[in-house]
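Given chain G's structure and the hints, the job is docking chain H onto it.
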Amino acid sequence: MTTRRAERLLQTVHETGWSASGQRAFVDLYGALLRRSILYHVRRCFGATGLQSLADHLAALESGSDQPRGTGTRGEILDIACDTWQDVLLRACRTEDNLVDQWFSYANEKGATGATVRDFETYLKGAIHNAFWGNLRRRKKDLDSMGTSDGLEEYSDGLSLEEKIPVGDEVCVLWDRLLRCQRPDPEGIEAGLVRLRQEPETVLVWACAALKKRHCEAGRKTALENLMAFMAFFCSQSGAKLSDVHPSGPAELNYEHVAGKQYRWEKDICGWLFRKRIRKDRPMAEIHDLLASSQYAKLIDGTES
Amino acid sequence: MTDRAFDDFLERAKPGSSRTKYDSHPADTVLEAFAYDQLDGSLLSRVSVHVATCRRCSSVVANLRLEMKRLDELLARNIDSDVTIKRATSSALTAPEQFLDGLWGRFRRWIDDASTPSLVRLAATAASLAALIVVTNLAMDRWLVPPVSPFASPAPASRWWVHLYWLLLPPALLLCAKGLRRLSLWWKGKRRD
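First to last, the protein sequences are chains G and H. Counting the first sequence from 1 gives a position; this note's numbering is that position plus 57. Anchor point for the second sequence: position 53 equals 40 in this note's numbering, and the numbering is continuous, going up by one each time.
Don't read these hints as lab results, they were simulated from the structure.
DSS-like mimics (lysine-lysine), calculated; alpha carbons at most 30 Å apart, straight line: (1) H:Lys175 x G:Lys318; (2) G:Lys333 x H:Lys1; (3) G:Lys278 x H:Lys165; (4) G:Lys337 x H:Lys175; (5) H:Lys56 x G:Lys324; (6) G:Lys333 x G:Lys278.
Excised from the complex, chain G in its bound form (with noise of 0.2 Å):
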């Protein structure tokens, strides 16, 4: 998900190019994606077992018992990792051709025929994952021994699973998307999901996807806001807590962070996770006058259901 301060980063940085500040702040916001990603691959390559390794050698050469970073297996491991890492941010902060430009020209491109634009967190963790590949087939005559593959076939076969992956209501998915500040199209809702179930349930989340879109499209970033605030809230009254993890602002909402967490809105809403006092009023009466004048004014009387 990009932030605002992303936003202006990239923006910046693709206007102006590359300054000090800018490339620590990048390291900032997207090195913990970084140092994920990283993780994930040599996870994905070397198992659980490769993983701990890494943990140990890191640890070893932390506590300086250990052999030089670089021999071993485990210290191949540890190379692949950081050259992932350097490969990665070298390309993403060299002054000419550097990956936000190369971001630029495909979300434009992509733009232009009207194809789906994939966001730059998306982008990045593609450069990674070539990255990261790209030096262990490198280093693949020493890992042979191994017995690893690069796990992309198995990889491949959970995505393709995308509509087996069970959901008890399909209507929690469109509130995931709706937190996650995603864009569900209202028109896609209501052709698919409320002419088959008209309940205040596909109703609600119909109402507050054209909101969104309604505020988006006009840049109403305060009411947008206030509309997310609302979102929250309102998921945090439903479902089981099963997640300890708490979203730590607006830009790490999603319905696992925030189902069965019975937030209340002045002191966790507006207190912690917005930091600003919002008018719960406001997105309730955009939400009842948006129904009230649509075709489903009827389920709000409560005379059908």
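Just chain H, lined up with the frame of chain G:
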């Protein structure tokens, strides 16, 4: 339509996902990709909702995240981003420039850190501005008073730099407003509890 009717509507609109019992689960590879933030788009949302409503998968993902967090901290301490960044830039900085750049970078990182409360960030910014103005005034007083030229007017020197203190007024007012708002939120929360 009344407010009560709308409240009832919202109550009925809550998704009933907590009652779900699953016969099948996503593949382990997909859960791994999810825990390590590698999924995107609609697949991400489906897996996220499944994990949010499935006790088994939620536990698997929690363990994977715990492992990832521990390794991420280890890796972060051992990978030097500064060295890589310097390789990527052709411009070489002098030692004082590097020192100031490093100092400024650390300050910016701390200010930008999401875990730093906004009130503290604002107070730190205001304090930095105040320190800068005080130092500027001291330096100007030392260098420019009394007037450097003996031919200057005998009238009292106008120390225009003293007026820099007015710059402190907006952040001070903002700080007060933020403090009052925080106090108000805290008080409302307490009253509700």
